[in-house]
Amino acid sequence: MLRIKDHLRGLVVQALGDLGVDLSTVNFDVTEPARAEFGEFATNAAMVGAKVLGTNPRDLASRLVEQILNSSSPYLKGAELAGPGFVNFRLNNSWLYEDVSAALSMGVDGYGRSDIGKGKRLLLEFVSANPTGPLHLGNGWWASYGDSLGRLLAFVNYDVSTEYYVNDTGGQIRALGESLLALAKGEAVPEGGYSGEYVSTLARGYDGDLNDVTAAGKFASDKILVMIKESLSDLGITFDTWYSQASIEESGAVGEVVELLKANGAIEIQDGKSVFMATRYGDNRDRFLTKANGDYTYLAGDIAYHYDKLVRRGFDYAIDIFGADHQGQVPSLLGAMSALGCESSRLEILLGQMVSLQRGDEVVKFSKRKGNVVDLQEVTKEIGASAMRLLSLQTSIDRSSVVDLAVVTSKSMDNPVYYIQYAHARMAAIERMRIEREIPEPQIEDVDLSLLVHPRELELLKIQSRLDEVVSIAATERAPYKIVTWLRDFAGAFHGFYHDCSVLGDGPELTQARLCMVRGAQVAIKVALSLVGVEALERM
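Mapping of the sequence shown onto the UniProt record's numbering: position 464 corresponds to residue 464, and the numbering continues sequentially without gaps.
Derived by calculation from the structure, the hints in this document are not laboratory data. Any given hint could turn out to be false.
For lysine-lysine, the following DSS-like pairs were computed, each having C-alpha atoms within a straight-line distance of at most 25 Å [unchecked claim]:
#1 K223 with K381
#2 K482 with K462
#3 K381 with K5
#4 K526 with K5
Predicted, not measured: the structure shown is a model, and the values here were computed from it.
Given the sequences, and given the hints that come with them, work out the whole structure.
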């Protein structure tokens, strides 16, 4: 598959080499100019090179242009010096037509793929909400983000495993058990307990020992975990592993890791408690790993869990997606990995910000049915799984979001979900119309794609050609929202093309070329939709 920027970069490196300048390791850019009159692409190579060589950037750019124009590139129509030393490239359209052919030949399984991950094993942990209540809207936001990130990383050849860490032991599970028992006995929920309607429902179905807090907590958390799995399934999200916190503690792994930290000189004993000297590793304070009664702290278990990921199970990399309220534990976890001999770069922690709903003029902070958080299943049923997933990827995960229900449930072009999915539905409709009108099926080898010269056609083809680069950037920057940004741009270009160009009515040769273009576009949009876990609808 042709990557035009790589091709142009190669031309620049070759041209500079012919001039006796080795810039193969110098970081110069090949970008799209902000204004079309400057050509399809531009490079700052001469300005970067001039700094290295101590020469005038315009002089170097002028010599560079001369060398590039002497190249045998089949895509180059012209090159020119601009401004303080930019080189602008003007291309013929053949690279765009090659991209159509690539989409048709590679299909949805190959188009846009790359080998960034090189098969490295990566464990992606996300959601991991305590099984003490239903998932809320923010959990769904981060779940959609995490699942899409996993799809992206697998697409660029990481060997991805997904994991949900089940916090099925400790004080919160005990508080849940105490709350359930109190309600089962007809008593008030203890202070700091759980009082949602879901706990009352669970209490009515509990027939165990009314004095066994541990059994009640396990009963409730098991039931809630089933609810959590159902909520995630509604979004099309599953996990390879559901990893139990209790299993780590019962295995003795926490104690082993604490002893290893001691052996590495990273723990001091203060008042009989083990303290991880986290300030030596970039944290703002040291952290207790044991309590006064000798029990391990939550952080000790978390360190053991991450050591298990990177050492015992041998993953090359691990990525966690946490809520922003966990920000304080990031430095201590990264520091602990360093203290245990793991490169901290192997562990990456991403933080998701708050999400709110808007109904009319009201920003909804509480669910009318639950009486507490905005329930994920409730919202998914109201707006649909595809809407939930696309909306969660409108912006970066580290930005707060407000969802306007009036917009996302409407069937209009103002609804970004409808806008994107309708583009694919229109592509599918064109194929149905072709069959109904008995127009021959296009064969790419017999089609003259050079007939595709309408501005709307070229706009669509240029946006399509960016997909592989967008995928690579989105994966590298952990930013699946960039796929949705591409989808919005691509859908907009297709709707413009659909409005201005008659696919089936401008003569047989152009019809065949446009049918190939639409089929290529359909491959591209299916790839992008699959990366964010959204169905490509045939009809709307």
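Here is how each hint holds up against the structure:
no. : hint           : in the structure
1   : K223 with K381 : 21 Å, holds
2   : K482 with K462 : 16 Å, holds
3   : K381 with K5   : 43 Å, violated
4   : K526 with K5   : 23 Å, holds
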